[in-house]
Amino acid sequence: MGTKDQVPQKISASLLENLIYLRRQFDGSMDFIIRRFQIGERKAALITIDNLIDKQTIAQSILNPIRRAGLDKQSGTEMMKEIRDSILTTVDQEQMVEFDTLLTKLMSGFAMLAVDGCDFMLSIGVQSYAYRSISEPSNEVVQRGSRESFVEPFVINISMIRRRMKTPKLKFERVQLQSESNTDVCLCYLRDKVSPEILSQLKSNLSKIKLGAVMASGYLAPFIERRGLFNGVGVSERPDTVCGKISEGRIAVIVDGTPNVLIVPYLFIENFQTFDDYAARPFFATFTRWLKVFAFFLSIFLPGFYVASGTFHPEFLPQALLTKIVQAQAGTPFSLMVECIMIHIIYEILREAGLRVPKPLGHAVSIVGGLVVGEAAVQSGLVGPPTLMVIALTAISSYVVPSLYEQTAVLRLVFILIGGTLGFWGITLGFGMILISLCAESVYKIPFSAPLSPLRLKSMRDVAIRASWKVLRRDTENIQDMPGSNAKKK
Amino acid sequence: MSRKCVIGAGPLFSLLLVSSLIIMITVNSTWTGGGDFLDGVISCAIAFAANFIAVIPLGLLYRRKPTMNILDHGYYLTGWFGGVLALFYGFYFLTVDCYYLSVFQVFNANMIDPEMPSWLIVIAVLAAAVYAAWKGVESITRASVFILVMLLAGLAFILLTSIAQVKPENFKPVLYNGWEQTIRSTMLFLGRSTGLATLAVVLPVTKGGKKTGFAVWNIVTYVLMSAIIVIMVGVLGNALQIQMFPMHTLAAVSGIGPFQRMDSVFLGIWLLGVFIKIAVDLYLFGSCMQRVFRIRRGGFFIIGGALAVGAVSVLITKSVALQHLFFDIYLLAPLTLLASFVIPLVLLLIDTLKSKNKSIRLMEETLEVQNENRALD
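Listed in order, the protein sequences are those of chains A and B.
The first sequence: position 173 = 173 (the numbering used here), numbered continuously.
The second sequence: position 324 = 324 (the numbering used here), numbered continuously.
Hints were generated in silico from the structure; no laboratory data involved.
Quick caveat, the model's predicted, so the values are computed rather than measured.
We put the beta carbon where it would ideally sit given N, CA and C, even for glycine.
Certain hints may be false.
[To be verified] What the simulated footprint calls covered on chain A by chain B, stretch by stretch (three residues with Cβ under 8 Å from a Cβ of chain B suffice, anywhere in the stretch; the number is not a length):
| id | stretch |
| --- | --- |
| 1 | 416–424 |
| 2 | 430–436 |
| 3 | 452–464 |
All chains, full assembly: derive it from the sequences and hints.
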């Protein structure tokens, strides 16, 4: 028998020893429950964790059948085998011989049946716990598409994916992490589409993760993506989006307790492709896609360009616009750059507060932010109206591509600083550096900037435009087939 | 020796096209040696043909040993002298960068007159270029695809919005004053083009249709260059002779509807072009130094090279004598001729001679063995 931290490999034949060991492991935790009972002359116990199990199922499918069976005068092992093969009516059963797997199962809501004289226990699936019901996605809202979003229990999320892809080629593979929380992580992919190299690389990356606790999928993302400015791992709360990605050879990483699923690999251009694109008419989808690209660049560069033009290159602005800016600036005490930084930071504070503030206070924050701060700042002459308008416009634009918000917010500030110190030269060079950063990275041996650079004209039917389904249906382009990809094809 | 192919032919030739495009937007009548600007169309055609001839030694060398670049050939065929060749190529790339950066500084000082000090812009350009060079040739070539698209779009916009202002009376007969200016312009265009030297170093790490890429690169360069010259002459006429940066003037006078004064577009495309050009040259300099000093990473050399380029380019802008040296054909044209044509040709000849000697030796040994066998019989 090991100590509290040293998990013994094998379960003992002595029920008492096993129970003492488990008690020590949980150290009197109030949710750890041992229900002792007799099966004939033999001692037995049912071990569970409270609130993770369905007590009615335990009574109806485990305890009652065992008692009614009238088992007696058998060895512990024979008795357990008979219970497993002939008596229990539950579907999910597994023989446990090691304590470490037993503990994981126990804390996942399985009940453990132990019989004295038997050197294994039976894990019985009786999970039942409270969880949030399936609701509408809050971040990926679509007009024409499913209204379901992922929830916290990963088994429900798995069922949501399976329901949409009724093919035996769809595989869910559990991955064991080296973490104290023993969080369930599951990889989901299509066996005939996925690149074996990407899959094995992802598994290898996951196996190397050493974390105390994995509370959300976001904990894993940094370990499975490349280091860079932009995300090489996508996140989605929509089962239909995830299914679409899986059908192109990508892998979904489902983490228990998180209503988001990670998508690997994820390329830059995917930030501009939304589910709605594929439900809308091609010409409108193409228009909105270009609009998203424009809004993304606008949200990063407009304030910087505004500061640079107003400070160093007034000749670049039309005269009427320049006059307006000059008139507005004449009454304010700060330079354009300082004004822009101030408004940008105030906006970010308001946004952060809006996210964290209790819902009943949300309206108050909006009123204070929008009316009091904005209106009062202009009225008092602290900032010019054009500056306020530029920041407001860019703030709205940044929500057009929500998956790039983090980068947009930081880059916008950086470009305000660059525009105010190095003018148009700085902005152009900064843009060049972003381009290099985009092009320098590969996600699982696939260029992050593909299929734009390296360019593949065929791929442009779902990048530069959104061609009709009559064109798109001809063949699916797998992620590992992207130009410049070094990931092995199946 | 084997190399992993890391760059596609498409991105590589996009990069070379960006380099060519910046040459085009900096031509002026002072450097081409006269006011017959339209003769430049013929110079472009000659340069176009010369490029196809100049690439032959390089192409043959590559065909013989596709995994070796010019630096490897240098060491393989000439022993220690290969180190000297690598040093030459390294410093050649830096020299070209000095030219590009100093022209840009001259442009800034004369046309834009920025409020911040010139050295600050130089530092910013070099810092960005060092970052790009650090990220490697793969990133630079991929980024150049995006930059090329912007450059072409910007140029097309400027040229198309200028067409309405073309005056037929501005066109004069070509070669009106003889061939002198045409030859000088040809030397100027060829001398500023480091495309072949770049190919000499990166060809073994390139995959895809190199021949097609080379042809497209040259054809597009020629067509664009001719278009720029024709439209500049048509719009600016005699005013070309007093313009230091006629393309900038063209951008400033062009416009359509609300889009007036395209000089910001011009500045943007030029700066992006200079940035990517310096980045790739710094990377190539680092590669040359890596080969000379047999080290794994050339990061230190990239930074050192950037500092040298910065210092020299600032010096060039301050000295008229240095400007004459760098901006004229007397320094860059011979260096480019050496790097792009003469060195590959000499190495090809050495390789051919060595192969011939080897095959003669082999034949002699075979004959000896045959004679010995006969004698024994």
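Hints versus structure:
1. Counting residues of the stretch 416–424 of chain A whose C-beta sits closer than 8 Å to any C-beta of chain B gives 4, which meets the bar of three, so the coverage hint holds.
2. Coverage of the stretch 430–436 of chain A by chain B holds [criterion: at least 3 residues with CB-CB distance below 8 Å; count 6].
3. Counting residues of the stretch 452–464 of chain A whose C-beta lies closer than 8 Å to any C-beta of chain B gives 4; at least three are required, and the coverage claim holds.
Of the numbered hints listed earlier, not one is contradicted by the structure.
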